[in-house]
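Undergrad: Work out the full structure, taking the sequences as your base and the hints as a guide.
Okay, here's what each chain looks like letter by letter:
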Amino acid sequence: MAGHFKKTSKAKPDIPTAALPDIIFILLIFFMVTTVLRETTVQVRTVLPQAEALTKIDQKRLVTYVWIGPKKISATELGETGVQIDDALIEKLTDVRAIMYRKLVEQPKLIVSLKVDQTSEMGVLVDVQQELREAGTLRVNFSTKRDVGL
Amino acid sequence: MAGFLKKKEREEAFIPTASMADIAFLLLIFFLVTTTIDVDTGIGMVLPPKLEEDVIPPPIKERNVLKILVNEQGQVLLEDLPSAVSLVRAEVKAHVLNNGVDPRYAEATNKALVSIKTARETPYDAYIQVLDEVWMAYFEMWDAEARKLGYSNYKEYSIDVDNRNQDNAIREKIKAAISIAEPDAA
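Here the protein sequences come in this chain order: A and B.
Heads up: the first sequence at position 12 corresponds to 12 in my numbering, and the numbers run straight through without jumps.
Heads up: the second sequence at position 162 corresponds to 162 in my numbering, and the numbers run straight through without jumps.
Treat the hints with care, since some could be wrong.
Unchecked claim - Short, incomplete list of chain A residues facing chain B, as computed with Cβ under 10 Å: (1) Ile-73; (2) Glu-121; (3) Gly-123; (4) Glu-134.
The set of hints was computed from the structure by calculation and includes no laboratory data.
Heads up, the beta-carbon is just placed ideally off N, CA and C, and yes, glycines get one too.
TA: Shown next as structure tokens:
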């Protein structure tokens, strides 16, 4: 009789939680792997302008960013206007053509997202646009934030 | 003796794994919260292709072009008249939907063009404000067209059309023809 009782107590139903941490860890690892931390340090200040007529770019893989804005010299000091693609500031604007052309060959559906500081002057942007036209990367996106103060 | 053995069995050493899940959960939540899947938003444009040397751009009737000029101070000149940014939207709509009624505006919707010209010193912000107004004018016209077809807005219409693999008739009818003017040769 005693043995009988023992047996039932051994078969006490309870959910095995031993595998739970493993499941969570797999989720965790998934998120850690898929999270792309910002790999470029932006060396120019870009405070984006606000707009209403926005479209979203869903295919992040197609996008290349071009930053245009005053160069950050120190925490408070700002220099003259600079153009940055990927990780480096562009010295000569005519170099944009070659860089963009190479990117276009790799990704024919390339979208160039222009992150331009709102205080920038159109002159630089027009020059960059001319370079993009030379390279043949015609799809551009003027990156803007949503207008909150409607 | 049997009782003694039983006691020893129960005191078997093991690491409590119940809280492991909680620890992992905390980490998971931390990563979920800190991960920002930021979607890039902006105003999409397609630049005109590079002009070939020997190709002359097709002639366009002066009437069909709504000229917007933004100067160095961010002031707006609409068809050679000083204007405000807030008036651009209504003007673009009037221009595109004119259909030959008013001689100042376009002859037909599919011929209507909007040209934005800036100076080199124009602040980018002012340019975006004007560009935004022009796009909003088109968005509102598309919304109005979609409402005529029984949809609540244009977005709903475009999703529906995409799903059924049909041509986007509204975009066909009212093309967003925004021209970024060629920079002046120095």
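Undergrad: Taking the numbered hints from earlier one at a time, note which ones the structure violates and give those numbers from smallest to largest.
TA: 1
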